[in-house]
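Participant: Assemble the whole structure, with the sequences as input and the hints as a guide.
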Amino acid sequence: MSLYKRILISVLSVFAALYGIVFYIQYSSVKNYLNEQQFNSVNNTVSSLSLVIPYQYEQNDNTGIEAAIFAAFDSGYYKEISFQLYKDDSFITRLASNDKSHVPSWFSQYVGFSPAHEKVVITSGWTQIGELVVTSNTNMAEEQLWQSTFDLSLWFFAGFLATALFINRMIEYILRPLGTLTRYAEQLGNNNFDASVSKTSVTELRTLNQAMQKMASKLKSEYERQQHVVESLRKQVQQDGVSGLGNRGHFTDHVSSYLSETKSCTGFLITCDSFEELYQHYGFEARDKVVKQVGCTLNALVDDTQLVALSRISAAEFTVCLPPMTVMEAEKFAKRVHLAVKQAFAPYTDLTDIKVYVGGAVTDTVASPTQLLSMVDNAMQAARGLAWGYSIHQDDHNAFSKSQWLNKIKYAIGQKNYQLRSIPTLSLTGKRKVHDEIFISICDEDKIYHAGEFVHIIEQHQLCAIFDRSVVEYITTTVTGNKNIAINLMANTFATSSFVDWFDIELQKNKDAFRHCTFEIPENAFIHFGQTVSEFVAILNKYRLFWGVDNFGRHYKSLNVVVQYKPHYVKLDYLYVSMLSRQQSCAELIEAIIKSAHNLDIDVYATRIENNVQKAKFIELGVDGYQGYITKSQSFVTE
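Once you know that position 155 of the sequence shown is 155 in the UniProt record's numbering, the rest is easy, because the numbers rise by one and skip nothing.
Think of the hints as simulated: they come from the structure by calculation, not from any bench. One should not assume that every hint holds.
[As the list claims (entries may be wrong)] Below, simulated DSS-like cross-link-like pairs (lysine-lysine); rule was C-alpha separation at most 30 Å, straight line: (1) Lys402 with Lys335; (2) Lys292 with Lys335; (3) Lys292 with Lys235; (4) Lys79 with Lys263; (5) Lys5 with Lys199; (6) Lys342 with Lys355; (7) Lys402 with Lys416; (8) Lys235 with Lys199; (9) Lys615 with Lys214; (10) Lys433 with Lys542; (11) Lys263 with Lys615; (12) Lys402 with Lys342; (13) Lys235 with Lys342; (14) Lys263 with Lys335; (15) Lys595 with Lys615; (16) Lys410 with Lys447; (17) Lys542 with Lys595; (18) Lys433 with Lys410; (19) Lys220 with Lys199; (20) Lys617 with Lys235; (21) Lys220 with Lys235; (22) Lys402 with Lys355; (23) Lys566 with Lys483; (24) Lys87 with Lys119; (25) Lys289 with Lys355; (26) Lys402 with Lys433.
[To be verified] Derived DEER-like restraints, expressed as beta-carbon distance ranges: (27) Asp350 with Trp388: 16 to 26 Å; (28) Phe166 with Ser201: 18 to 28 Å; (29) Met328 with Ala195: 48 to 58 Å.
On a predicted model such as this, the values are computed, not experimentally measured, just so you know. Where a beta carbon is used, it is the ideal one built from N, C-alpha and C, also for glycine.
Facilitator: So, in structure tokens, the structure goes:
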């Protein structure tokens with residue numbers, strides 16, 4: 001119960017008790033007065049008849065006695081007046097008729113009066129004349145008491161209601177500053193440290209206000225400090241200090257993470273032999289300036305939505321890893337890179353020759369970053385012997401052409417020829433299972449093709465939204481029971497709002513079909529399709545569905561962007577598994593990223609955990625759970 005309700009109920013209870021006491025006093029006063037009035041009236045009548053009857057008796061005037069009794073009855077309000085004359089044992093009686101009363105029967109039964117009754121023997125001298133009985137009629141007294149009580153109740157109820165309304169407004173006004181502080185505390189609880197609160201004139205609350213603002217300022221500073229720590233460690237671990245690009249470790253980690261999902265990619269190696277001559281003629285400052293210029297040039301040439309890794313791996317070598325493309329597309333890209341990088345050396349006219357070479361490899365079978373570097377190095381060596389300075393090698397062992405893959409994918413979407421398997425995510429709290437993450441494969445002619453083999457085809461032909469919609473429909477109708485499942489969505493699904501619009505309509509039709517579903521949004525989507533992702537997250541929150549972020553930390557600049565959406569959890573990208581086996585500063589970076597999420601009450605799960613050593617390391621760094629082959633995958637039986 002809120003403080004406002006507690007105070008209101010307490011104050012109204014006190015006022016209700018006071019009103020009740022006053023009401024009872026007033027009611028008792030009226031009742032006692034009416035009761036006393038009855039007895040006085042009976043006594044007066046008995047006294048007056050005691051004087052009149054002996055006189056009439058002495059005159060031997062029975063008619064006078066009867067007239068006196070009738071006159072007394074008519075002048076008052078009595079139920080009965082009777083007189084028994086002893087000398088002849090005769091009775092003179094006057095009874096009231098049973099008049100209909102307007103008083104409720106329950107009131108007469110429980111609250112009404114007892115009639116005043118008096119019996120006396122009338123004497124004349126020493127002679128007893130007869131017996132006089134007078135009984136009051138309570139109807140009038142009860143009607144007066146009922147009317148008085150009814151009117152009093154109305155006035156007291158109106159007074160209590162007016163008092164309650166006044167007290168309600170008064171308490172609202174008094175507690176308004178406290179309500180403002182409560183809302184401010186809720187904002188702080190939601191990690192909105194920039195929220196403002198108005199000043200109050202209440203001394204106690206002013207002190208509390210100042211303390212909360214001071215605390216918010218410290219929390220904000222701590223959070224910003226944590227972000228600076230992450231950025232500093234990131235630069236130390238993964239960034240080349242001169243070019244601003246990633247270093248060799250960055251290339252290795254990101255490409256390893258990418259190749260864990262697919263074996264198809266396009267790699268480029270850019271070698272600038274002229275850096276040494278530039279250093280000899282113009283010094284290290286000029287060389288570093290050109291290195292930085294080359295880094296900016298490569299950043300500008302690469303589509304951020306497609307980039308896997310862009311790094312400077314040695315003093316004169318730069319690498320680019322992109323999703324699969326055709327040989328012709330790779331040659332066009334290599335030509336643009338070659339011309340743009342050579343242009344960076346143009347201001348330095350004393351150079352004898354600008355030596356820039358670009359080697360590229362289009363492959364569907366690369367297994368590791370080392371193998372990819374070997375392939376692009378071979379292409380770069382071939383480029384040294386070509387006048388135009390670039391060369392593309394193709395290593396295509398794919399059994400199907402793109403058109404064949406496209407037909408298989410479209411057929412699978414239409415027929416929903418899918419096979420599902422799951423890998424559980426386990427929480428360290430109570431060692432419970434959080435959910436089963438679903439991994440999709442397509443089936444064609446009794447053969448199963450995993451996502452890594454065809455996802456790049458879906459992305460190239462902009463079928464992500466259609467494919468994800470088909471998969472969600474299939475999972476929600478196939479996977480039954482109370483099993484909590486996580487559905488991974490592709491980043492390019494949010495390139496348009498078609499999937500979000502469809503999803504909203506489906507939830508309106510049948511919200512229960514999704515009650516055990518958790519949706520995982522790739523980190524990439526928050527960077528490139530923020531508006532659509534915001535709409536999707538708003539729908540998930542509206543229907544109180546759980547959701548998380550996949551590949552968290554793959555793009556460092558997105559950390560602040562992602563956490564602002566307040567996901568229920570994030571899954572660390574696979575690159576951190578390979579990073580953890582290297583220098584200690586990598587572990588410090590991972591720990592800082594985990595703390596950044598924990599500062600906003602977001603759970604963090606490690607992914608692709610393959611052995612107990614990796615599991616122990618991540619637990620030591622503070623993750624809330626883990627997922628990987630160590631948790632044992634499971635196939636869903638689907639028809």
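Participant: Hint by hint, say whether it matches the structure.
Facilitator: Cross-check of the supplied hints:
no.: 1; hint: Lys402 with Lys335; in the structure: 24 Å, holds
no.: 2; hint: Lys292 with Lys335; in the structure: 20 Å, holds
no.: 3; hint: Lys292 with Lys235; in the structure: 15 Å, holds
no.: 4; hint: Lys79 with Lys263; in the structure: 112 Å, violated
no.: 5; hint: Lys5 with Lys199; in the structure: 24 Å, holds
no.: 6; hint: Lys342 with Lys355; in the structure: 8 Å, holds
no.: 7; hint: Lys402 with Lys416; in the structure: 20 Å, holds
no.: 8; hint: Lys235 with Lys199; in the structure: 42 Å, violated
no.: 9; hint: Lys615 with Lys214; in the structure: 39 Å, violated
no.: 10; hint: Lys433 with Lys542; in the structure: 25 Å, holds
no.: 11; hint: Lys263 with Lys615; in the structure: 26 Å, holds
no.: 12; hint: Lys402 with Lys342; in the structure: 34 Å, violated
no.: 13; hint: Lys235 with Lys342; in the structure: 27 Å, holds
no.: 14; hint: Lys263 with Lys335; in the structure: 25 Å, holds
no.: 15; hint: Lys595 with Lys615; in the structure: 18 Å, holds
no.: 16; hint: Lys410 with Lys447; in the structure: 16 Å, holds
no.: 17; hint: Lys542 with Lys595; in the structure: 28 Å, holds
no.: 18; hint: Lys433 with Lys410; in the structure: 34 Å, violated
no.: 19; hint: Lys220 with Lys199; in the structure: 20 Å, holds
no.: 20; hint: Lys617 with Lys235; in the structure: 22 Å, holds
no.: 21; hint: Lys220 with Lys235; in the structure: 23 Å, holds
no.: 22; hint: Lys402 with Lys355; in the structure: 36 Å, violated
no.: 23; hint: Lys566 with Lys483; in the structure: 24 Å, holds
no.: 24; hint: Lys87 with Lys119; in the structure: 18 Å, holds
no.: 25; hint: Lys289 with Lys355; in the structure: 17 Å, holds
no.: 26; hint: Lys402 with Lys433; in the structure: 39 Å, violated
no.: 27; hint: Asp350 with Trp388: 16 to 26 Å; in the structure: 24 Å, holds
no.: 28; hint: Phe166 with Ser201: 18 to 28 Å; in the structure: 22 Å, holds
no.: 29; hint: Met328 with Ala195: 48 to 58 Å; in the structure: 54 Å, holds
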